[in-house]
Amino acid sequence: MPDPRVAQYAKVLVEDCLDVQPGWEVLVQAQPAARPLVEEVVRAIAHRGAFAVVRVTFELITTSPMWLKEAPEELLSQMPKLEAALIENLDALVQIQAPVNTREGSDVPPDRLNLVRQARRPYFEGFFTGEIPWVGGQFPTPALAQDAGLTLGQFEDFLYRAVLIDWEEARASMRKIADRFDAANEVRVVAEETDIRFSLQGRQAEIDAAGANMPGGEIFYSPVEDSAEGVVTFSEYPACYLGHQVPGVRLRFEAGRVVEASAQADEEFLLATLDTDEGARRLGEFGIGCNPAIQEHMRNTLFDEKIEGTVHFAVGNGFPFIGGKNVSAVHWDMVKDLRRGGRIELDGEVVQENGAWLFG
Amino acid sequence: MAEYAKLLVGRCIDPKPGWQVMLLSTPLARPVLDEIARELARREVYCLLRLDFGLERYPGVAYAWASEASPELLGRLAPIDQHAVESIDARITIEAPENTRDGSELDGERHAQIRKATRAYYKRSMSMEIPWVSCQFPTEALAQDAGLTLAELEDFMYGAILRDWDAEAEAMQRIVDRFDQAEEVRIVGEGTDLRLSISGRNGTVDTGTVNMPGGEVFYAPVEDATEGVISYSEFPAVLDGNEVAGVRLRFEAGRIVEASAETNEEFLLSTLDTDEGARRLGELGIGCNEGIKRFMKNVLFDEKMAGTVHLAVGQSYEFQGGKNTSVVHWDMVKDLRNGGRLECDGEVVQEHGRWLF
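Protein chains in written order, with our numbering: chain A, 1 to 360; chain B, 361 to 717.
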């Protein structure tokens, strides 16, 4: 008996997040283990009278890590024409991660990966600007459960609880918080080894409630690029990116730029990523986790950044559709827990303490 | 695995730097796909990996989508895929099914629509416009259909594949030289007496380039000349996960005028009614691979079995002078090792599956 939650999840992706229209060509990118969800997704796409262009690959960005490790650099720095044509012509994109090993791809040297990311970035502009609907989600696999410290059954319950919530209601409650932030100029985040200020002046919030991520459940901004000042220490959780888990990341900002960076382990990867390009040392995103169904850190950014009572900072690419100007091949979300002694201030007024909002 | 990958990339495709090579398979073939990706990277070509869960016969068409999509959508590729197919420089298809019955839940009408849509994938390769190769990777499902354990199937497959292809080519050349001189081929066997014309047509030796394993000599028979009866009494005819036992076909002036089967006759008849070309022959093939001794319900191997012939209804190869067009190409294998014979213009050239020259 198939798990009915899989078909419900597929409907949320195809109907709520993408709102697929007849005749569209919808790219479905997934890893092989996502098969049950891919099948429900393509079924839902067929119901809407659209083409499902399915691309199952071993790894979503690199498609074949083996090829990436061996190919000459000239090839890496240019997307194959047919892949470029694919991205340029599609009408919507759904990406489903379903790793059989979350360390897949971590043996690819970062500079090789950067070449590929740089080559891909211009083609994906339409997704960052919000012109082309897309959504990224995950399908529960033993590997994801293992990283989360859960059994597969527990992880499935966790994931489906987080994605199958009442998205209309979630949107309304996030709207109230976003209104408060939209009215403010300066945000200050204070917590253990953390005191950072940055400006949201002239920037509007984006509310993610069944949008580009599934689960949704965050409010995010692209902060003013040269405004961040101070220190943030991600002492509670490792910063996870591209198969790496970097513990104890500490970043010091001056005039919006990371001028000092350290980590308790894998510092080399942190530094190499920050040196990818000029934009990789500036904030592209400040996000506020608002999904009530997510309470625990899972070493899984897609979920972790939505934990109610946390914020996240992404170094790298900003979102032009909400005024972001920072450009980078990197977008690395790092999650900071504020539930034990942290607080958020807006223009000097405390609005959240210990992860709980102080306004109604 | 590395040897297999080298054979496919080096011998079959021989790509030039900068090419975009499409690699079609299922996730189960990962060990050989990794080796191929490595080989392609070393030759400085792009690897466009296209994995799906079903049979590679319908690349890019997900069954779950195909079971729900409207006929208009089903009958053509997504324009994005159409463009890709028309632009690739080479294609490697590796069948590695998880379950060879995947897709058999779709009705004949849907199969016909998908075949129409995916024809684009084969058009450029059938006309030899681009280098291509179709082959398989041993999986439990293929082993099960062959009645073997996985280890046995692996031995069988690699025994048929990892051969001295230059020596095989030489032996097959002698056969094609004899047939090229002939006008008429007669196949006689159990329940079978069939005459075909290959007048003006040249044979092709499959030396392990477009198929792996190779090991056949094949012709596009003259479209309106076939007369007589053939009974596939030894082996079932297998297409798209459908098995049809005891197929019997009677030809008049090249066209099938009578068709029957012991099982699944309905599938046979609806396939023959797909289009006009589906009732005419597109291929006469002669199996020459001595590494293949037993029937596996696996056309890629079965049609190469030394001592057998196969006839395909449907699409023929243009580059051989074939004029028959159809979305169908169904190879059916006839065993001649027990009392069968082949004649060229009345002269017996093979008896009991053994060559007389």
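Among the hints, erroneous ones may be present.
[Stated by the list, open to error] Straight line, CA to CA, 35 Å or less: simulated DSBU-like cross-link-like pairs of lysine-lysine: (1) 81(A) with 11(A); (2) 325(A) with 11(A); (3) 483(B) with 653(B); (4) 483(B) with 69(A); (5) 476(B) with 376(B); (6) 81(A) with 653(B); (7) 657(B) with 81(A); (8) 683(B) with 483(B); (9) 653(B) with 325(A); (10) 81(A) with 325(A); (11) 366(B) with 69(A); (12) 683(B) with 476(B); (13) 69(A) with 653(B); (14) 483(B) with 657(B); (15) 69(A) with 176(A); (16) 476(B) with 11(A); (17) 366(B) with 483(B); (18) 81(A) with 476(B); (19) 683(B) with 657(B); (20) 476(B) with 366(B); (21) 366(B) with 376(B); (22) 366(B) with 653(B); (23) 683(B) with 376(B); (24) 11(A) with 366(B); (25) 325(A) with 176(A).
Please keep in mind that the hints were generated in silico from the structure rather than gathered at the bench.
Quick caveat, the model's predicted, so the values are computed rather than measured.
Check the hint pairing residue 476(B) with residue 376(B) against an upper bound of 35 Å on the C-alpha distance. Holds, because 31 Å separates the two Cα atoms, which is no more than 35 Å.
Can you confirm whether the C-alpha distance between residue 11(A) and residue 366(B) stays at or below 35 Å? At roughly 44 Å apart (the allowed maximum being 35 Å), residue 366(B) and residue 11(A) break the hint.
Does the alpha-carbon distance linking residue 366(B) and residue 653(B) stay inside the 35 Å limit? 25 Å, holds
Check whether the Cα positions of residue 483(B) and residue 653(B) lie no farther apart than 35 Å. 32 Å, holds
Residue 683(B) paired with residue 483(B) [C-alpha distance capped at 35 Å]: Between residue 683(B) and residue 483(B) the Cα gap is close to 14 Å, so the pair holds against 35 Å.
Has the given pair, residue 325(A) with residue 176(A), been kept, meaning a C-alpha gap of at most 35 Å? 26 Å, holds
Regarding the pair residue 366(B) and residue 376(B), is the alpha-carbon distance no greater than 35 Å? Since the Cα atoms of residue 366(B) and residue 376(B) sit roughly 15 Å apart, the hinted pair holds (cutoff 35 Å).
Could you grab the alpha-carbon distance between residue 69(A) and residue 176(A) and see if it respects the 35 Å cut-off? Violated - the C-alpha atoms of residue 176(A) and residue 69(A) are around 48 Å apart, more than 35 Å.
Does residue 11(A) sit within 35 Å of residue 325(A), going by the straight-line distance between their CA atoms? With Cα atoms ~34 Å apart, residue 325(A) and residue 11(A) stay inside 35 Å; holds.
Are residue 81(A) and residue 11(A) close enough, with their CA atoms no more than 35 Å apart? At roughly 32 Å apart (the allowed maximum being 35 Å), residue 11(A) and residue 81(A) satisfy the hint.
Straight-line Cα separation of residue 69(A) and residue 653(B) no greater than 35 Å? The given pair, whose Cα atoms are some 41 Å apart, is violated under the 35 Å limit.
Do the alpha carbons of residue 81(A) and residue 476(B) lie within 35 Å of each other, as the hint requires? Roughly 26 Å separates the two Cα atoms, so the pair holds.
Checked against the numbered hints given earlier, this structure breaks hints 6, 7, 9, 13, 15 and 24; the rest are met.
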